[in-house]
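Asks: Below, each chain spelled out in residue letters.
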Amino acid sequence: MSHSMGTRFQRRTVELPEGIAALGNDAIDTVHTLVHQAERRQAHELREALERTLKIVPRPLRGAVKKVVGA
Amino acid sequence: MLSENIAEHLHQRHAGAFDKAIAVAGKLPSAMTAKLAQHAMGPTLSARAAGLLEPKQAADLAKRLPPLFLADVAVHADLRQVGPLVEGISPDVMAEAGAALREREEWIVLGAFVGHVREDALVELIDVFDAEALLRVAPFVDAPERFDVIVGALDEGRLEELVATADERDLRAELDAMLEHLAEDQAARLS
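Chains D and P are the protein sequences, given in the same order.
In this text, residue positions in the first sequence follow the numbering used here: the first is 1091, and each later residue adds one.
In this text, residue positions in the second sequence follow the numbering used here: the first is -4, and each later residue adds one.
If you are wondering where the hints come from, they were derived from the structure by calculation, not from laboratory data.
Just to be clear, a hint being listed does not mean it is correct.
Claimed, not checked - The calculated label-pair distances, taken between Cβ atoms and stated as ranges, are: (1) 18(P) <-> 1150(D): 40 to 48 Å; (2) 1114(D) <-> 7(P): 24 to 32 Å; (3) 122(P) <-> 1113(D): 42 to 50 Å; (4) 1144(D) <-> 122(P): 26 to 34 Å; (5) 1149(D) <-> 163(P): 55 to 63 Å.
Yeah, the Cβ is synthetic: ideal placement off N, Cα and C, and Gly gets one too.
Kindly produce the complete structure, drawing on both the sequences and the hints.
Replies: Here it is, written out as structure tokens:
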């Protein structure tokens, strides 16, 4: 993964312990970038999980599930 | 700790979705919820949602899920959230999941769980772990007061095996990590 000095990651994600923060901007950017990627991956996995849920749940219960999740 | 901050952040980022997953679980029979955890959510999302379960619900689900899946969940779980749920899981289920974690050499995960397992269950689990596993987990045990329970549950033969394994596999530092937290009576048995 590339982190050039000119493209600092803008959105901070988590509070970093002092030890990590002391490693410098490149390390800080790397952590925030990885966390941001994990957020996107989690959002994608949650969408897929919902799709799979609606396929697995028997038809008679599907309406109740859709109502709960707002699908 | 960074890993805990990240786990909390990822949970909060999609807290609404995890709340809905738990709400769905509350509407469905346990067997169906277990099926969804395994085949729809998967271990990572299940681990993040698990902290929202009631202890009784978690225990009921755990006995319906394959131990290998529980082992996967354990690897991804934030123990600050799911730790209190561990007490309700039966020793049989914990033994099978623990064996899977031992097979995968998940020493850090196993060490983190030691403090959350009831003492009586910990004694029942001792036979799952061979001398090498006990030694390799030792440096990662977050609740060192539990070493007295662990060593207390080992008979003389297993204690001798522990010392011999420490010598043979160059695990003396791991044995020392255990020894330094033992009460006098248990330390005397091991020395």
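Asks: For every hint, state whether the structure bears it out.
Replies: Quick rundown of the hints versus the structure:
1. Our hint of 40 to 48 Å for residue 18(P) and residue 1150(D) is violated, since their Cβ atoms are close to 18 Å apart.
2. Between residue 1114(D) and residue 7(P), the C-beta spacing of about 27 Å keeps the proposed range 24 to 32 Å intact.
3. Checked against the hint of 42 to 50 Å, the pair residue 122(P) and residue 1113(D) passes, with Cβ atoms roughly 43 Å apart.
4. Taking 26 to 34 Å as the suggested C-beta distance range, the pair residue 1144(D) and residue 122(P) does not conform, at roughly 43 Å.
5. Between residue 1149(D) and residue 163(P) the beta carbons are some 60 Å apart, a value that agrees with the proposed interval 55 to 63 Å.
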